[in-house]
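> What follows is the residue order along each chain.
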Amino acid sequence: MPATEFSVLVRRLPAHLSKVPFRCLRRRSYHSYDHLPYNLYTPSQEKILSSALKRVPEYGFVKQTLVQGCRDAGYLDTTHAVFQDGVFDLVKFHLYAERNKLAALKPQIDEEEGKSIGKRIRRYCMERLKANEPIISKWTEAIAIMGLPQNIPQSLEELAKLSDEIWFLVDDKTSDFDWYTKRASLAAVYSSTELYMTQDNSPRFEKTYEFLDRRLAVVQSAGYSITNIASWATFTCFASINLLQSQLSRG
Amino acid sequence: MSIPILRSSRARVRASTLAVAGARLMEYNSTAAQSHDTADASIANLASKLPEKFPPLTPEARKFLSRLIRVDQAGELGADLIYAGQHFVLKRSMPSVAPLIQHMWDQEIRHHKSFDDLQNKHRVRPSLLSPVWKIAAYGLGVGTALMGKEAAMACTLAVETVIGGHYNNQLRDLVRILDEEVRTSTNGRASDELRALATTVSEFRDDELEHLDTAVENDAEKARPYVLLTETIKNGCRVAVWIAERL
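In order, the protein sequence lines correspond to chains A and B. First residue of the first sequence: 7, per our numbering; consecutive thereafter. First residue of the second sequence: 410, per our numbering; consecutive thereafter.
Don't read these hints as lab results, they were simulated from the structure. Among the hints, erroneous ones may be present.
To be verified - One-sided excerpt, in silico: chain A residues whose CB lies under 8 angstroms from chain B:
{"#": "1", "residue": "S38"}
{"#": "2", "residue": "H41"}
{"#": "3", "residue": "L42"}
{"#": "4", "residue": "Y44"}
{"#": "5", "residue": "Y47"}
{"#": "6", "residue": "K167"}
{"#": "7", "residue": "D170"}
{"#": "8", "residue": "F174"}
{"#": "9", "residue": "Y186"}
{"#": "10", "residue": "T187"}
{"#": "11", "residue": "A190"}
Unchecked claim - Below, computed lysine-lysine pairings styled on DSSO-like, alpha-carbon distance capped at 27 angstroms:
{"#": "12", "chain 1": "A", "residue 1": "K125", "chain 2": "A", "residue 2": "K136"}
{"#": "13", "chain 1": "A", "residue 1": "K125", "chain 2": "A", "residue 2": "K107"}
{"#": "14", "chain 1": "B", "residue 1": "K472", "chain 2": "A", "residue 2": "K167"}
{"#": "15", "chain 1": "A", "residue 1": "K167", "chain 2": "B", "residue 2": "K522"}
{"#": "16", "chain 1": "A", "residue 1": "K125", "chain 2": "B", "residue 2": "K472"}
{"#": "17", "chain 1": "A", "residue 1": "K69", "chain 2": "A", "residue 2": "K107"}
{"#": "18", "chain 1": "A", "residue 1": "K53", "chain 2": "B", "residue 2": "K462"}
{"#": "19", "chain 1": "A", "residue 1": "K167", "chain 2": "A", "residue 2": "K107"}
Glycine residues also receive a C-beta, built at the ideal position from the N, C-alpha and C atoms.
Could you put together the complete structure from these sequences and hints?
So, in structure tokens, the structure goes:
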């Protein structure tokens with residue numbers, strides 16, 4: 007990348023990063039059961055992008071893949087111009103499609119993993135990581151694209167949505183600040199494991215899954231949460247008031 | 410001096426309640442009930458068996474609904490803790506008032522729980538500032554209760570005036586969305602989900618207005634300084650509502 011282009015990117019970084027909270031907070035909205043979901047992609051876009059994804063192991067995350075995807079889906083080569091973000095659209099579609107496939111696994115996972123939230127979360131992370139297996143050799147390219155300043159807000163939004171989806175699928179009920187800490191810690195675990203996976207040469211990615219187990223164990227054992235601290239503070243406060251009262255009544 | 414202010418705000422709340430939202434809501438519920446009893450019952454049954462879905466909600470409607478759930482959840486959390494704080498003080502200083510506070514507190518706990526359930530069900534994020542709301546609300550409850558029973562009641566009056574009015578505004582917008590849904594749907598009905606939400610909101614609004622009446626009956630206006638106290642709390646509530654909708 008030429009030096010000038012790089013300096014432009016760096017200069018624009020604050021402007022892009024300022025969109026991160028907006029993306030991560032505003033876009034998570036009302037999930038309806040009586041209404042059809044709001045479709046992000048038209049059927050033809052979905053067709054092109056999914057056939058392009060099949061070509062990723064061959065070409066990688068490059069424009070050529072999108073062109074090939076259009077050709078495979080029976081459209082003209084130039085159709086790829088409808089994807090304004092270019093290859094990043096392909097990356098986003100992969101994230102979107104694989105995230106939405108998790109919900110279908112819920113009955114199976116509920117039955118196999120029992121009631122333990124930890125086990126079910128581990129299973130969902132594994133299933134999601136398995137979906138990266140076919141394209142793992144090219145996934146570093148996707149990570150590089152996601153890390154471009156203009157793409158960071160949308161990439162983090164997708165990560166946040168994945169984390170939210172997993173907590174939703176394990177029937178988590180949280181109504182206070184823990185909602186945020188839970189999602190942030192799972193997102194951190196998942197993204198670091200995903201990065202680890204790109205460098206993993208072990209058979210059937212055994213080391214990646216071991217890494218995932220270790221990271222999840224750290225998060226669970228820390229048991230850190232604002233609510234725990236708050237309830238401890240409340241307890242201490244009431245205890246000291248009671249102590250004070252009893253001391254005063256003794257005179 | 411204080412009474413006209415009070416009367417006018419209550420009158421406003423009441424008038425808009427009955428005229429606009431309440432009547433429309435009853436209309437929806439009655440048409441829904443009728444449709445099962447008519448001759449087309451078999452068709453209605455058949456339709457209800459199919460997993461029929463309504464067209465996707467518009468981004469504006471989804472934004473409105475997530476804001477509604479978030480702000481109401483934060484509001485009920487606040488109300489729950491205000492009464493908790495008042496009860497904590499008044500059960501010691503004035504045990505005769507405690508059962509009254511307990512009654513209102515129990516209702517708020519129920520409201521709080523239903524909005525927690527709605528928030529989890531509809532995957533709306535809770536307010537980012539919920540720890541702040543907790544501390545502020547408990548502090549408000551304890552503070553006003555320490556000022557005496559009248560101040561505690563004036564606090565209830567101020568909070569419930571703002572909350573009742575806010576619920577009413579929400580209900581009016583909800584009815585507008587329901588109207589739109591009836592107009593666009595094939596069976597001339599609105600979705601059960603949104604109808605249930607509107608019923609919940611109107612039911613809770615009635616409870617809040619009942620608390621308002623209770624506060625007036627229990628000498629809320631005798632609090633000194635009445636206007637300063639109630640107007641400060643009202644404005645605080647309005648600011649909190651504005652923030653909780655967004656954060």
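> Would you check the hint for K167(A) and K522(B), treating anything up to 27 angstroms between C-alpha atoms as holding?
25 angstroms, holds
> Take the shortest C-beta to C-beta distance between Y47(A) and chain B; is it under 8 angstroms?
13 angstroms, violated
> Using 8 angstroms as the Cβ threshold, decide whether T187(A) counts as touching chain B.
Violated - the Cβ of T187(A) stays beyond 8 angstroms from chain B, reaching only about 11 angstroms at its closest.
> Less than 8 angstroms between beta-carbons is the criterion; does A190(A) satisfy it with respect to chain B?
12 angstroms, violated
> Run the distance test for K69(A) versus K107(A): straight-line Cα separation, threshold 27 angstroms.
Status holds; Cα separation ~25 angstroms.
> Please verify whether K125(A) and K107(A) have alpha carbons no more than 27 angstroms apart.
19 angstroms, holds
> Given Y44(A) was flagged as interface, is its beta-carbon under 8 angstroms from a beta-carbon of chain B?
Nearest chain B Cβ about 4 angstroms off; hint holds.
> With a cut-off of 8 angstroms, does the beta carbon of L42(A) approach a beta carbon of chain B closely enough for the hint to hold?
At 5 angstroms from the nearest chain B Cβ, L42(A) passes the 8 angstroms test, so the hint holds.
> So if I understand the rule, the pair passes when the alpha-carbon distance is 27 angstroms or less; does K125(A) with K472(B) pass?
Answer violated: K125(A) to K472(B) is near 34 angstroms, above 27 angstroms.
> Verify the proposed pairing of K472(B) with K167(A), using a straight-line Cα cut of 27 angstroms.
Given that 27 angstroms is the threshold and the Cα spacing comes to 16 angstroms, the pair holds.
> Please work out if K167(A) and K107(A) have their alpha carbons no farther apart than 27 angstroms.
Between K167(A) and K107(A) the Cα gap is close to 13 angstroms, so the pair holds against 27 angstroms.
> Interface hint check: Y186(A), Cβ to nearest Cβ on chain B, cutoff 8 angstroms. Holds or violated?
Since the shortest Cβ distance to chain B is 7 angstroms, the answer is holds.
The structure shown violates the earlier hints numbered 5, 6, 10, 11 and 16.
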